[in-house]
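Novice: Chains as they are written, first to last, in the working numbering: chain A, 1 to 382; chain B, 1001 to 1382; chain C, 2001 to 2063; chain D, 3001 to 3063; chain E, 4001 to 4269; chain F, 5001 to 5269; chain G, 6001 to 6180; chain H, 7001 to 7180.
Everything hinted at is true.
Residues of chain E placed beyond 10 angstroms of chain B at every Cβ, according to the derived structure:
1) E4034
2) K4232
3) G4242
List of simulated lysine-lysine pairs, DSSO-like, C-alpha gap at most 30 angstroms:
4) K7078(H) to K1245(B)
5) K2026(C) to K4218(E)
6) K4207(E) to K6166(G)
7) K6125(G) to K4209(E)
8) K5040(F) to K3006(D)
9) K7125(H) to K5139(F)
10) K257(A) to K1353(B)
11) K4140(E) to K4209(E)
12) K345(A) to K1350(B)
13) K2044(C) to K4004(E)
14) K2044(C) to K4180(E)
15) K1346(B) to K353(A)
16) K5218(F) to K5004(F)
17) K3006(D) to K5180(F)
18) K1269(B) to K345(A)
19) K5004(F) to K5184(F)
20) K2004(C) to K4176(E)
21) K4221(E) to K2026(C)
22) K5176(F) to K3044(D)
23) K5209(F) to K3036(D)
24) K3036(D) to K5176(F)
25) K5230(F) to K3026(D)
Now the stretches of chain F that chain D is said to cover, found in silico as 3 or more residues with beta-carbon under 8 angstroms:
26) 5002-5011
27) 5015-5021
28) 5170-5180
Keep in mind the hints are simulated off the structure, nothing from the lab. Every residue gets a Cβ at the ideal spot worked out from N, C-alpha and C, and that includes glycine.
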Amino acid sequence: MRADVRFMQGNEAIVEGALYAGLHFYAGYPITPSTEITEILSERLPGTGGKFIQMEDEIASMCAIIGASLTGFKVMTATSGPGFSLMQEAIGYAVMTEVPSVVVNVQRGGPGTGLPTSVAQGDVMQARWGTHGDHSIIGLTASSVQDAFLMTVEAFNLAETFRTPVILLFDELVGHMREKVVIPQPGEIEVVERLRTSVPQGTNYHPYLVREDGRLPISDFGGVHRYNVTGLVHDMWGFPSSDPKVAYDLIHHLVDKLEHRADTIAHYKEYFTEDAEVLLISYGSSARSALHMVEDRRKRGVKVGLLELQSLWPFPGETVRKKCEGRSHVLVVEMNMGQIYQEVKKAVSKPEKVFLANRFDGVFISPADILRLLNVIQGKGV
Amino acid sequence: MRADVRFMQGNEAIVEGALYAGLHFYAGYPITPSTEITEILSERLPGTGGKFIQMEDEIASMCAIIGASLTGFKVMTATSGPGFSLMQEAIGYAVMTEVPSVVVNVQRGGPGTGLPTSVAQGDVMQARWGTHGDHSIIGLTASSVQDAFLMTVEAFNLAETFRTPVILLFDELVGHMREKVVIPQPGEIEVVERLRTSVPQGTNYHPYLVREDGRLPISDFGGVHRYNVTGLVHDMWGFPSSDPKVAYDLIHHLVDKLEHRADTIAHYKEYFTEDAEVLLISYGSSARSALHMVEDRRKRGVKVGLLELQSLWPFPGETVRKKCEGRSHVLVVEMNMGQIYQEVKKAVSKPEKVFLANRFDGVFISPADILRLLNVIQGKGV
Amino acid sequence: MRKKRKLAINREWCKGCGICVAFCPKEVLVLDEQGKACWAHPEKCKNCGLCELRCPDVAIELV
Amino acid sequence: MRKKRKLAINREWCKGCGICVAFCPKEVLVLDEQGKACWAHPEKCKNCGLCELRCPDVAIELV
Amino acid sequence: MAVKDYLRQRFFPQIWCPGCGHGIVMANMIRAIERLRLKKDEIVVVSGIGCSSRMPGYLDFHTLHTLHGRALAFATGAKMSHPKLTVIVPMGDGDALAIGGNHFIHAARRNMDLTAIIMNNSIYGMTGGQSSPMTPFGKKATTATSGTIDHAFDFVGLARGAGASFVARTTTYHAKEMIKIIAKAIKHKGFAVVEVMSQCPTYYGRKNKLGSAVDMMKRFKEGTALIGSKKKAKHPDLIERGIFVDEERPEYSTSYLELIERLGNSTTY
Amino acid sequence: MAVKDYLRQRFFPQIWCPGCGHGIVMANMIRAIERLRLKKDEIVVVSGIGCSSRMPGYLDFHTLHTLHGRALAFATGAKMSHPKLTVIVPMGDGDALAIGGNHFIHAARRNMDLTAIIMNNSIYGMTGGQSSPMTPFGKKATTATSGTIDHAFDFVGLARGAGASFVARTTTYHAKEMIKIIAKAIKHKGFAVVEVMSQCPTYYGRKNKLGSAVDMMKRFKEGTALIGSKKKAKHPDLIERGIFVDEERPEYSTSYLELIERLGNSTTY
Amino acid sequence: MNTKRIVFSGSGGQGVITAAIILAEAAVIYEGLNAVQTQSYGPEARGGATKADVVISEEPIHYPKVIHPHILVCLTQKAYNNFSGIIHPGGLLLTDSHYVKQERKVDARRVELGMYRAVMDKIGKPIAFNICMLGAMTRLTGLVRAESIMEVLETKIPVDFLEINKRALEIGLQLAETHQ
Amino acid sequence: MNTKRIVFSGSGGQGVITAAIILAEAAVIYEGLNAVQTQSYGPEARGGATKADVVISEEPIHYPKVIHPHILVCLTQKAYNNFSGIIHPGGLLLTDSHYVKQERKVDARRVELGMYRAVMDKIGKPIAFNICMLGAMTRLTGLVRAESIMEVLETKIPVDFLEINKRALEIGLQLAETHQ
Ligand SMILES: Cc1ncc(C[n+]2csc(CCOP(=O)(O)OP(=O)(O)O)c2C)c(N)n1
Ligand SMILES: Cc1ncc(C[n+]2csc(CCOP(=O)(O)OP(=O)(O)O)c2C)c(N)n1
Ligand code: SF4
Ligand code: SF4
Ligand code: SF4
Ligand code: SF4
Ligand code: SF4
Ligand code: SF4
Ligand SMILES: [Mg+2]
Ligand SMILES: [Mg+2]
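Okay, chain A solo, but in the shape it has when bound:
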């Protein structure tokens, strides 16, 4: 069979990835630079028998997808900075109620309304900590249109596997950039389906009873098990409880189910890392400039390599620590004031060897920007 080669925008690839993964329900509210996702899905979904609804705001969008997910469908919403801020309460609700859902944030310049049409990666820490209370979350990203497709599929897979909201943290450049994508054939890459309970009708079903493998089988609203879902601390039946033991177990479970698996579920790519003296760490579109620079230096015999993170949350600290071991310098390349840089410093054994090459002025970071920093840390001046 001929490969299904297409030329499309990142935002379009997100749509294709979501449909590939089985998206059935989408609710959204337009905002630059994620609007195309909403627009394209408004056309595509009815054509697949799926449902699209434009809600009155981002809060409603996030709430609607949670309601829809509970009836048994794969769901998604997409937004950018200001809308992502508005969704925080409901994202926390999805964390607490363990409702599989995918939230795309195509980042733009912030804070505030910021620079709506400019590239930025300033919402990384917000994706981790934006909602109130202890919790954990999955955050994925991508640096190419192809990977935007793949990471979107993976977001659905992880959302279903861990019954959790997954944040897809793209940036304006990836969202709007157009390039080649090969759409896999159905079945070619894994699609995790919702794990439904095998408990038969009439037998007690526990929506929040964690199996030994850490997973929680679901029964759909409208099915034969009638249970309760609440954002309050709840017991294994889903009913509110303020028993400290119940609270302790629940919060621990919510955090551990992801944090304890941070390194095993992490996605990343490596380029020229084997013998690299200087390791660049980057993610999203800035990883492209980093790679450009790395290839360029390699041609000149400079031993630099790149670790491209595709999983940002839970932060794969152990992986990063290992990859950084023995390097003369580590250079984090990102388009914010050092959000992942701080995480890398926390993770490694020699934080004083970690440096930051960044931009946050709305301009896409260039290989030259990174090279300048590389020269500085290598004592070559500017």
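Given chain A's structure and the hints, the job is docking chains B, C, D, E, F, G and H with the ligands onto it.
Specialist: Just chains B, C, D, E, F, G and H with the ligands now, with coordinates in the frame of chain A:
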């Protein structure tokens, strides 16, 4: 003059502190456990000629205080977890537009609706990172009703000094606990008034031109200078700009004006730290249990001390680093899964010596809980 | 003729609000010593069911 | 009699939308080569000001 | 089935204060469902946060206790994705019309087949008696100790103005009427809202010296009249009860299914 | 003063597309202000986000460009804290009635003295032509390429239902009428809303094959009629223009000042 | 005075939190002592179980909660069942004989007083029952002077109810007197 | 083929982004090359200046932006003024003689074509002007085959407009032909 000794709740002391600092406009929406602040102010404000309004939600409350602040008044709103999540977009707007404002978050158990009436300190990282985009923010806390008063006054002072929203991050216990408060006489403690521009009518006034001392004098809406305020990246006149240089300077300014002063503006208290081998670091109500335990151990000759942080953001990393120097162990005591613990680890030179004593089950951490941990890290078992 | 039904009062659930008592058209009900609803005058009860319909606590039922 | 006023067109601001042209009751205005409004027939202008009131770009003014 | 058979009895006695009207609404909502012979498995009950919003926890349906003010947004997602479900949304006045006002008017505009039952006790009960957008002008609350200067919404006017295709009002005193109206509302194909005037003796009653739950219910009896009744004609100040709007308009999830068909596709739901 | 004298001329030509109706609204709003002889320093203009919301940046008043949908909440804070200011809020239909719907109905309910001018172009202009809550049923948008299945709000019904004490509608074609109505709205003591039907030739026009800005304005001329006019009587389907509600009701910030006085205090503002 | 830890427990409407506040305020404002008062609520519950803690001391008080109270007051059977086990050895356990039947053995001085009955008899309604309890408790323990409680009542209680509260306080004091 | 970097610049309505997309898509789908297309917008502006970048290569393309274009197309004077300085030495600068007066000296092959005029003359309205430009550009550079552009047009353009677009393409090709 006889000292004005009162017996009151933490939430009441926040109100008294705000009024002492000159609060004129308050907008709020009730939510446990911060509701009393809204209730008491609805009665107190009209009595002082100030304005109270109950808004339709927390988003509107935050927006209303920004609007009011621009007309020249000191403003505040108060909420708890879910409401705080909803305010994030508008808080980012206040950061971007540099509008002095005070936001109280009396924390309760999260995530989600969580444990509405229970004590917790789970919103610490959210206070720092809850809104989208690079930014910085001031976050203060307190462990007693007296300090709740004082820190509230300080919040207004810092908001005015730095033209920024200040987060008052209390917890349910401090909010609802009643104890003695001595209300200072007027003038007894400093109250920073809004710095108004001295530029006369007819001369060009630049609302966003930073003075040498880092401050930006304000002209009130309704006054003689008509300018523009926008949440977009803006130039020194307040007009939108997408010039990278303007963006760079603005974002840098917003972050640096606080982060570069983190240690000089930090508030903290020390107990028995001079010769302490083990240093406890705590804040908010949990610092009370820590101190109880410290005093108790000291009676038995154990060399432990306590550093109580009252400024959480910008994190006073340098102060913490210095205070931790030379200790055998550092024990962070808090009621979450280790949010400040992570900051302390980042700050110190020996992160492997930093341990965490925490609870996140809705139960107030006790001296015995902390002692158990102390014994463990000192190799005394459980 | 339809058989007259009895009034079952769930004392555990009854909170003694007195609504059933106040609105019984026949003054059949009273609150007892412990403040629970009591079918004091069954003979007067006309089985209208209004007490059941208005009880906020599902504590009263014609059976 | 009130003095007849002239029509000042700000060519920098005019975007050539043609609104003034279309709704001028006297067909006084046209869009010129460069697509800017032009007071082509001043003699017919009755100074009604409607062009000014409807110009989205504050580009036309009776002075 | 008896009302009890629709309840999760292990949580009884329920949390509401003695005499709270919310329990009356719950029981009669169940009676309406019973009357319509709906199957338990077909019913999803979605609520926000508030005393009233604790209702779903007691009901043996698919139940979803969400966020303050957001119930209709969650319900919209559930109904849209799975239109065969009957989705009922019990709400508080604050929940529905303060923080949730936007979802309320948009649900009305869209005309999706949801039934919203608004337990209007003119106060925020759960948080201890603050004024709500339904607190009448001049009435007292913990945030309006000298009487509120806010004007209350005209519930019917707002719902109608926003486009709701079924709008009704009843009270906890009028239990039989309530059953009938709620049953009609559930049957209505489109967005249906029922305001049930409900007593909060603990806060609204106490703050405004309105006496016991019984006294408050008496006031519902005396202070209201059926639409178009003689009583209303005689006392025009009385609050009207009954069905104000009952119109047929294209239902949203149905329109969407039609759109799918128009595009030559089909959906399993 | 000329219109120009109220503008920050250095930002001209402005950002709006050729023929966009928003510019007509801006100029005539200025004319209304000029007519009322208001001082520039007394006026605060607050907007949200959208093409329409870019207006404040062009105006030589105290101007506040806020967040999408939140303008009325910011304006409420400004007016309440400083009641002597004249606060005008230009809004888009999406801004006012989609994300901002709740602030809109609550501003109407409270009756604070604000003037909201809603530039209704039936579309989200700024983000490129998605449907808005004012897009008529069946019309096209980038998120409704087969025609929207959403019902639009009846603007007047919603504003009235929410309790607005002044409600009016006009169009960009009816410039003189617009000046008169906006002037009245600003003078009105209480919450006043004016819907101005405004053309977005770039998105709404193009998507729906409505021709140029001129064509769209012609449609405003032909498709509307004054309230109670013969034209309306003859063609009942026409959209009505004019003032629908103009009532005196206690204004919120005044009521609050009275409350302060009642409590034996005074305020500098 | 050594640090004293007091717990008041009962159900929603009984005013146990108010009693705790009044006691602590009396200690702070009129006795120059330190006092901290806290409480725990049920899960957003209405009319559920309530527990109010007071710590009184001449020293600064850090840990504000009471784990083992020197003085435990239980006004419902449920409260008694829940809390009687936590009393500090040698402490005082005060219950109301109308509401509570003391069943278990505790290493404490056990006092059962007919406070509810006395209030019903002498005032006619259960209003200010909590103040009566406070009167009895202060007399039994000497924690603060009755006058200090009176002073607090005068600043806190609406004039209309002041007289009744004073009488309730007296009733409590006398009940305890008789008991001693 | 070496990596080629192309910039199309002009104003809002001229379809420069569409042209860039079509070119890149032709390269990817019909020539088996890699191509990346990006653009920059003004600050939320309507109808402002637009710039679209395309990188075409046989190798994987990492950095997707164009700093020094091998081929620079300017369709407005403003675009010309802004960008003519950034052209890669020895590159190609293509402008439309109706819109742009080439003034400055650049180290590049400078081509001015009357594309707008030609389109107006032969089609009658400025529709598909961008496709005409694309035709001229491909003929001048040989970057991709005209057939590839055609193929893309056939999948992208609504049938009603296909004929006109094809004609515009032809016009462009011919103009460049004549020029060469
Ligand atoms: C975002 C958010 N804001 C505020 C609250 C606090 N809160 C919970 S319920 C409620 C009001 C309840 O009033 P209503 O909806 O009328 O229900 P009732 O309790 O009167 O039945 C409030 C303000 C919350 N839980 N979440
Ligand atoms: C929270 C948030 N959501 C979405 C957006 C994106 N956005 C900006 S303007 C707009 C709609 C504008 O439409 P309207 O208010 O009708 O104004 P118009 O542009 O049509 O004049 C949207 C959705 C945003 N800026 N912020
Ligand atoms: S109405 Fe119900 S709860 Fe109230 S007294 Fe009667 S049976 Fe008891
Ligand atoms: S059934 Fe009717 S008559 Fe009988 S007790 Fe109940 S309300 Fe009274
Ligand atoms: S209406 Fe204004 S912008 Fe339009 S053509 Fe006339 S002068 Fe130019
Ligand atoms: S003033 Fe009137 S007549 Fe003269 S050009 Fe303008 S619209 Fe035409
Ligand atoms: S507080 Fe009011 S609304 Fe809440 S349960 Fe009690 S009576 Fe009902
Ligand atoms: S997109 Fe529409 S609303 Fe926006 S400026 Fe252009 S014409 Fe006006
Ligand atoms: Mg209520
Ligand atoms: Mg619009």
